[in-house]
Amino acid sequence: MILPSNLSTQAIDILLRGISQVVLQNNPVSGLVILVGLFIASKIAGVATLVGVIISTLTAVLLKVDKSLIQNGLFGFNGVLVGIGVSSYAVSHHLLIDHTLWLHIVIATSLSTLVMIGLSQFFTLWNLPALTMPFILCTWLFIGVVEHIDLSNPMATLSHHFISEIDIYTIKTWYIGVGKGFSEIFLQDSAIAGYLIFLGILINSRMSAIAALAAALLSIATGIAFEVSEESIQLGLYSYNPILTSIALGGGLFIYVTKFSFIYALLGAIVTTWISFALSTALQHLELPIYTFPFVITTWFMLLVAMSVNSLKYISTSEATTPEENTNRYDDL
Amino acid sequence: MILPSNLSTQAIDILLRGISQVVLQNNPVSGLVILVGLFIASKIAGVATLVGVIISTLTAVLLKVDKSLIQNGLFGFNGVLVGIGVSSYAVSHHLLIDHTLWLHIVIATSLSTLVMIGLSQFFTLWNLPALTMPFILCTWLFIGVVEHIDLSNPMATLSHHFISEIDIYTIKTWYIGVGKGFSEIFLQDSAIAGYLIFLGILINSRMSAIAALAAALLSIATGIAFEVSEESIQLGLYSYNPILTSIALGGGLFIYVTKFSFIYALLGAIVTTWISFALSTALQHLELPIYTFPFVITTWFMLLVAMSVNSLKYISTSEATTPEENTNRYDDL
Amino acid sequence: MILPSNLSTQAIDILLRGISQVVLQNNPVSGLVILVGLFIASKIAGVATLVGVIISTLTAVLLKVDKSLIQNGLFGFNGVLVGIGVSSYAVSHHLLIDHTLWLHIVIATSLSTLVMIGLSQFFTLWNLPALTMPFILCTWLFIGVVEHIDLSNPMATLSHHFISEIDIYTIKTWYIGVGKGFSEIFLQDSAIAGYLIFLGILINSRMSAIAALAAALLSIATGIAFEVSEESIQLGLYSYNPILTSIALGGGLFIYVTKFSFIYALLGAIVTTWISFALSTALQHLELPIYTFPFVITTWFMLLVAMSVNSLKYISTSEATTPEENTNRYDDL
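Chains as they are written, first to last, in the working numbering: chain W, 1 to 333; chain R, 1 to 333; chain Z, 1 to 333.
Calculated from the structure, these hints are not laboratory results. Where is the CB? At the ideal position from N, CA and C, for every residue including glycine. It cannot be assumed that every hint is accurate.
To be verified - Using 30 Å as the maximum straight-line C-alpha spacing, the simulated DSSO-like pairs for lysine-lysine come out as follows:
#	chain 1	residue 1	chain 2	residue 2
1	R	172	Z	43
2	R	313	Z	259
3	W	64	W	313
4	Z	172	W	43
5	W	313	R	67
6	R	43	W	172
7	W	67	Z	313
Stated by the list, open to error - Pairwise CB distance ranges, derived in the manner of DEER restraints:
#	chain 1	residue 1	chain 2	residue 2	range
8	W	47	Z	263	34 to 44 Å
9	R	192	W	125	23 to 33 Å
10	W	103	Z	64	49 to 59 Å
11	Z	316	R	199	42 to 52 Å
12	Z	71	R	232	31 to 41 Å
13	W	285	Z	151	14 to 24 Å
Said to hold, decoys possible - From chain W, some residues computed to sit far from chain Z (all C-beta separations above 12 Å):
#	residue
14	81
15	170
16	286
Turn these sequences into a full structure, and let the hints guide you.
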């Protein structure tokens, strides 16, 4: 694909500015000099810089963030650092460089843009910059995720360089996993109770029920993709948080329902699953159960994002009633 | 007692909505279906749901929170989850189901309403919902409390199923405990210094002194009720934080003095003592001394609550002078 | 030096009020009674109280904080507690009472004033008081710093009561340390890459480059003063965070450049170095790399301070462009 020359020039300008923003500069030439320095230091760091700055900037473009912020490279510098941070960790811990690792990198890097937007929105009230906090948080999360997968499933390929026997996921993994996913919201281990809870949701709002069910399925798929143990998937342990996030984001309760808001909710389900891995590790250190913490943290951030991007429309809590009413009101506008 | 039928109907409606709000729904029928599911999963979970939703909603009623929020079940769902969370923990850790455990449950469940109000007030500026964070925090606190009591006093009954020799608390526990409670504010272990500090407070404000003394006594009573070791009580270790909380809440410095504000301050003293147990556990993991952290955290939350309920009147920091002046000004209004 | 009697009377009044503010009172007589109590409890505690209240209040005076707040002792009480907290820790852990310990005490105590201002600014939106949180944070930091220095360099004198062989710091420590300090911003261990990154900064802004270079040198000096290991200094591990803080504070990006803002940036570099020690300890417990966390935390606090003191002028993020433009605009005012 050949980009129109002015567009490709602009893209390069933005990406190089993104690199220079790591040291709080806004200058493509500075970015280029720094990039050369990074390639001299390590080829992997150089490549990671490029991958990071591209993915994180693209994420901002897709979410329709304010253009001038993107043009100043403000959604690139955290991506650069996450790219370098994750790849350094992967090299020093001998992780297998396969499609699974790439998936982690894409998630961590684009997540840094979500965190950047969310944190900036939070700090708007003080006019404070988010600085490199998104990089720090997302790289810590990645480390927690890798540790968790390693501990949860000794057969996972991430840090084991041999062809592993993969856990066998069956149809039962799915239908029991979905049921227990709903019941684990209430800390119960009962698929029947879970389907009754699903029924309870359906009675009140079809929209919430669809968002919840889609998230339950997606969280199981995510768990399988990242090779966590079959047992924990069937116990619903990776599903109850994504279900709640998806209702909050996609059920029309806090964000007006559009095609994009539904995609955003499913994205939220994947992010919640991924973050669950990391928070499990962190809370194991503190000997505390994780409960619905991943749902709460992810939803707070993704609601803050929803407030500030042009691709979504936030419903203030004081207006929020039921999903269907909210949607009708939005259609009237 | 027979409730007038419309009132009891309304109460049931609110409680069932509270249950449905766990999955972000606002519908009594959904709540009923979910409740049935929970009883199927486990009778204990079903009962805990009812206890939790009742106590947490009642707390909101007593604090005179905005009625429409209560009617939508928004002060029930965290109580439901705390009830289930605490009872699950109690069952799986073989805690003794006696009056002490019930006291913990009442504190944790009604605390979830305070945290809900405080967190919502904090998040008002962003229009963000508190979600299930109050549940998570209060259940974590409960776990920390139980662990701390277990470690602090191997004779405590909480997780030991035999008739224990209880520590002997004497009159000395009280008068030395009070004195050292005041001196521990300054990290000193001297009852004489403590009574001089009390004198210093009395010189400036009789109101602060009364609030402080009442809190010191109450914190010792709380420690005895929860069977923490006599030694640590006499060292004032459970008293210095409640003393400070009580001055801040009841001394007329940030909240106008009324009969209810005094009760609120004493409530604050109990909550601070209870939270001290949990934070001791947490900070032991991090190998850090606890200092006045329980006072700070509890006071921040309870001041946020004071700002948003109708039963208390917050004094903005810019107006705050001395308790007596504040009270006079309030009387003039 | 003889103070004019009214000035010295006022100073004593302020310091005694500061002591009484620990128990939320605003009364010099109360402060005096409490001070007597503290001297009875322990002479060291009494002296520490005086040192703490003087340094923390002086810091507020130098930063030109609102006078009425200073006069009410609001910048003294956290200093009192930090003084006592640090000296108690020093005594109980048999630290050597030499000039190094005094340096730590001065930093921790005056830092408590920065944290007090920053936290108060953060809480302005809710009208919440900072209470004794600055004391808690600064004393925890001190403990972390001591632990880190102990572990990092077994030859450091802090807790070792014999004349130690000090690490040999050479000219190479400096020029390699500076280079790697710049490259560690990007997690790279290459002095050449580092000097290219410095060049990248210089291309865009001479002001940022000067602030960065001064911070790099100062952070190495700080590391040497606190006797951390030569190896880690040469690896740039104590320099990359201060470099970033200094660019953010002194590069004219968020604070208008004046003589004082430059001093403030260098102060920021020292504070960041010191805080790095403590955060290294904390994150080692959590098995996480520290990345640029010290820079972010320190800069957030010091920007909050910049917003509220009269000695500095904050540039809102929406206006911030390049240092040179910001400065020109300021000169036009």
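Each hint tested on the structure:
For the proposed pair residue 172 of chain R and residue 43 of chain Z, the alpha carbon gap of about 26 Å is at most 30 Å, so the pair holds. Restraint check for residue 313 of chain R and residue 259 of chain Z: not satisfied, since their Cα atoms lie roughly 45 Å apart, outside the 30 Å limit. With a C-alpha separation of about 12 Å, the suggested pairing of residue 64 of chain W with residue 313 of chain W holds against the 30 Å cut-off. Under the criterion of a C-alpha separation no larger than 30 Å, the hint pairing residue 172 of chain Z with residue 43 of chain W is consistent with the structure, at around 26 Å.
Of the supplied pair hints, the one linking residue 313 of chain W and residue 67 of chain R holds, its CA atoms being roughly 28 Å apart against a limit of 30 Å. Of the supplied pair hints, the one linking residue 43 of chain R and residue 172 of chain W holds, its CA atoms being roughly 26 Å apart against a limit of 30 Å. For the proposed pair residue 67 of chain W and residue 313 of chain Z, the alpha carbon gap of about 28 Å is at most 30 Å, so the pair holds. Between residue 47 of chain W and residue 263 of chain Z the beta carbon distance is about 41 Å. The supplied range of 34 to 44 Å therefore holds.
For the pair residue 192 of chain R and residue 125 of chain W, the supplied restraint of 23 to 33 Å is violated, since their beta-carbon distance comes to about 47 Å. Separation of residue 103 of chain W from residue 64 of chain Z is about 53 Å and conforms to the stated range, judged on CB atoms against 49 to 59 Å. Distance hint for residue 316 of chain Z and residue 199 of chain R: a CB-CB separation of about 48 Å, consistent with the stated range 42 to 52 Å. The hinted window of 31 to 41 Å between residue 71 of chain Z and residue 232 of chain R holds, with their beta carbons roughly 39 Å apart.
For the pair residue 285 of chain W and residue 151 of chain Z, the beta carbons lie near 19 Å from each other, so the given range of 14 to 24 Å is met. Distance to chain Z contradicts residue 81 of chain W as a non-interface residue, since its nearest Cβ pair spans about 7 Å, not more than 12 Å. Residue 170 of chain W, annotated as away from the interface, keeps every beta carbon of chain Z farther than 12 Å; the closest lies near 35 Å. The Cβ of residue 286 of chain W does not lie farther than 12 Å from every Cβ of chain Z; its closest approach is about 9 Å, which violates its non-interface assignment.
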